[in-house]
Amino acid sequence: MKTVVSVSQGSAEYDYDLETEFLGQPFRIIRIGTDGDLSRAEAVLESVHSQADAIGLSMVHDHYEVGREQLEHPDTARLEACVPDKPVTTGAGLRGILQEWAVRHTQSELGHFFDNARVVFMNGQAGYRIAKALSEHTENLFFADPYTDFGVPRLLTSLKQLETYTSLTAPIMFHPLAVKSIETVLRTPLYRLGERLVKGSLHHAVSEAHVIVAAIGELEHFTQKELDGKTVITSRVTETSLDWMRSRRVAMVVDYSPWLEGRPVGVNVMEAMISAALSRTPEQLGPDDYLDVIQSLGIEPRILYPNGYRRVNRFAFVIHPLSQQYLTKTPPLDWIANVSPPMVMNLVEKAVAYTPPFIYSKVSGIRSPDGDEVEGWLITVGGTPKEIMAHGPEFTYARLLQAAKLAKKLGAQIMGLGAFTKVVGDAGITVAKRAPLPITTGNSYSASGALWAAHDAMKKIGRVSIGPSGKAAGKAMVVGATGAIGSVCARLLAKAVDEVYLAAPEPAKLLALKESIEQETPGAIVHVAGSAERDLAHMDMIVTATSGAGKRILDIMKVKPGCVITDVARPLDIPAEDVAKRPDVLVIESGEIQLPGEVRMKDIGLPKGIAYACLAETIVLALEARFENFTLGRNIEWEKVREIYKLGLKHGMKLAAISGVNGVFTEEDFERVRVLAASKQDQAEGSSMPA
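Residue numbers for the sequence shown follow the UniProt record's numbering, so the first one is 1 and each next one is one higher.
Worth flagging that the hints you see were computed from the coordinates, not collected in a lab. Relax, there's no trap hidden among the hints.
Taking CB as the label site, the calculated pair distances span:
| id | residue 1 | residue 2 | range |
| --- | --- | --- | --- |
| 1 | 50 | 297 | 26 to 32 Å |
| 2 | 135 | 217 | 22 to 28 Å |
| 3 | 527 | 135 | 54 to 60 Å |
| 4 | 425 | 288 | 53 to 59 Å |
Glycine is no exception: its CB is placed at the ideal position from the N, C-alpha and C atoms.
Given the sequences, and given the hints that come with them, work out the whole structure.
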């Protein structure tokens, strides 16, 4: 029987003595803790080395390799010198493989998990292999080595900075005399006072992180508030440590340590066993030796969820003030508006358009029924629609790209464009090509949400019956049917209404669209016309989706009482003054979405927990971990409209509100339209009766 002894600088409380089989050979494994006493560890090594075939050193520093620096820690070298005739290892060779594999396994298993994540390393030198692997997926790497080494309140913010820091500090940190001097300083009352001040800023860095790489003992000072929702990459996760993380609301743990006899074992123990089994020193072990052991034992990283499955993804969404009036509600501009003439606010409106993007609100608490969560940021660019349209596209592109850089730094994995930022220039295509993260305009869910709202509004008004299949027994028209949004709306309506009328000044395209819809939806009744005027008065629902901003699209005075008009064009096809002429008609601008979970977000002009459909699209994609350019340009794809609608239902999205030009409609608004429409219909029927 071969014997492996693990001498640990950790507590003797966790000592064990067990027998097992490893690579077909019987083994005895003994752990001896020395409670941080280096002299005691030396004595233990001298007493046990004669009976050991190999020795592992635990809770001591590896001999690190950081960039070009090869660092030999004096304490570790001192312990190794106690056993000159036996294989001795800290497990550095195997640890590096398992650490890197943990990152690659998790990224592959969960898909894009580490994309753009903010990662804090408690010891960058110890986690260098993890950092190298993570750098392929995110640039947001932060290293706390200056805190932990010298009490300096500064994070290193790149691998290059870590490598430079290591080359500069290695002569101090890894010199025997320097180690003693540093230990003396760490015990002084003055340092302890400074340490408490420094810890405050380190706690802030942890609370802003998404992933933390640390030994379990390095996390004990952090609270639930700081660790809630975080992912921890660590080793030797026992049930006790998992319970502790459960109490801190840690979302996920990646454990890269190997297991033996139903318990996690130190990597030093496993490497010592390999060395003993193969009768080779750790220096003689090669990649094939490690690979053979890993595969034969079925060792792989463990992904653990302390409180049940929980994954937190991240998004950003760009907003902007919709008018000068919005600016007057924002401090300190509200004060300026109260004391200044209108001319001054005109200048302010122009000036604000040049301000750099800033965070308007953190968004949290969004949780899908399947356990996925998202958090995000609403990022404001300063231009009102008037200012956006007054400049060339490059003016807005530049600000959106600044917003994208900010979003990436925050850790967002996808960014959505809101309001007028998504209609500028080529509607997101150029921004997506230049941005450092995926972009979506949200127009797919906007089209879906608007029609969802129209169908719901028809049921509320009650002028059209809804059959058992959910189809409305009425007539619907799409004005601008051959355009990108119009053709999508036509396909959706063919599935929701008995008869569909398509209007556009392009006969050949209309015929092709009609043919396509009839093939796609068997039994659909589709009519085509060059303009809306001929059939306008018979429609129960009308969708306007043209690109003719500023032109009169239809004569609202000819519309049937009780008709539901959905204006999905941006800018809007139907001006507010036209809407005011027909109180017996419901003109819908958008369908707003109820987000799942306990949503925390600043006011965006909607009731609590409700979002515009374009924002909801970004959130749905984040929940689904679909970090890709989804909706771009003016040619919205029918398949994506259908897909985002289904994904929204999967993640608990519901139609929450129906909005018009004056905001969200109330039940009183629907009742008003219903009563006025019935009254007008009665008058029309009365006047047509013979005398």
